[in-house]
Amino acid sequence: GKLAGAHQDDIIKALKGHIPDDYEFQPEASISENNKDYISNPTLNNKIHCLISVVAADRGTLMDKGVIQKMKTIRAEASKLGIPQLVFMTRVDQACKMTQKDLTKIYRSKKINEKMQECSVKLGVPMTCIFPVKNYHDETKMNYNLNCLMLEALTQAVRSAHDYVISHSSRKQ
61 GKLAGAHQDD
71 IIKALKGHIP
81 DDYEFQPEAS
91 ISENNKDYIS
101 NPTLNNKIHC
111 LISVVAADRG
121 TLMDKGVIQK
131 MKTIRAEASK
141 LGIPQLVFMT
151 RVDQACKMTQ
161 KDLTKIYRSK
171 KINEKMQECS
181 VKLGVPMTCI
191 FPVKNYHDET
201 KMNYNLNCLM
211 LEALTQAVRS
221 AHDYVISHSS
231 RKQ
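Numbered per my numbering, the sequence shown spans residues 61 to 233.
Honestly, I wouldn't trust all of these hints.
Computed cross-link-like contacts, DSSO-like style, restricted to lysine-lysine with a CA-CA straight-line distance of at most 27 angstroms [said to hold, decoys possible]:
1. Lys157 - Lys201
2. Lys130 - Lys140
3. Lys132 - Lys201
4. Lys182 - Lys130
5. Lys182 - Lys140
6. Lys165 - Lys201
7. Lys170 - Lys157
8. Lys107 - Lys76
9. Lys107 - Lys130
10. Lys182 - Lys201
These are calculated hints, taken from the structure and not from any lab test.
Generate coordinates for the entire structure from the input sequences, incorporating the hints supplied.
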């Protein structure tokens, strides 16, 4: 069947900076260069500085082959453009009983490590760029351990994006 979500070409055009922030993606057709919203000469500010893919740890094996191929194609283009890429692997508590009971054991979990390796192989992302995180779902209070995992992932995203901007800046001093 036809894949849902944003058109693959639009995501690639967004990476390159051709699509404005408030653009509403159309799954049936990619934005054309004639579209009034299309940015013909994007600046560094228009471009994507870090590509983050979100994959559910408990559903990785259920991912449609077409979705995996779409992600690989987009990642390949991001690689050509020098854009750093990370994966946030969510729902780790649903994939592993040990982390469900104690989130601090996430990096000691064989099950989570297997899920990260599976994700690495399927998407071609190094293990060091995959961050296991847990979503707030039915918690009624703030969870320090959950926040630390997400903060670690977001910190790496900001660092990666910052490094991209520094290396692609045309600042002359």
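Status of each hint after checking the structure:
no., hint, in the structure
1, Lys157 - Lys201, "21 angstroms, holds"
2, Lys130 - Lys140, "16 angstroms, holds"
3, Lys132 - Lys201, "37 angstroms, violated"
4, Lys182 - Lys130, "12 angstroms, holds"
5, Lys182 - Lys140, "19 angstroms, holds"
6, Lys165 - Lys201, "20 angstroms, holds"
7, Lys170 - Lys157, "11 angstroms, holds"
8, Lys107 - Lys76, "5 angstroms, holds"
9, Lys107 - Lys130, "20 angstroms, holds"
10, Lys182 - Lys201, "35 angstroms, violated"
Of the hints listed earlier, those the structure fails to meet are numbers 3 and 10, in rising order.
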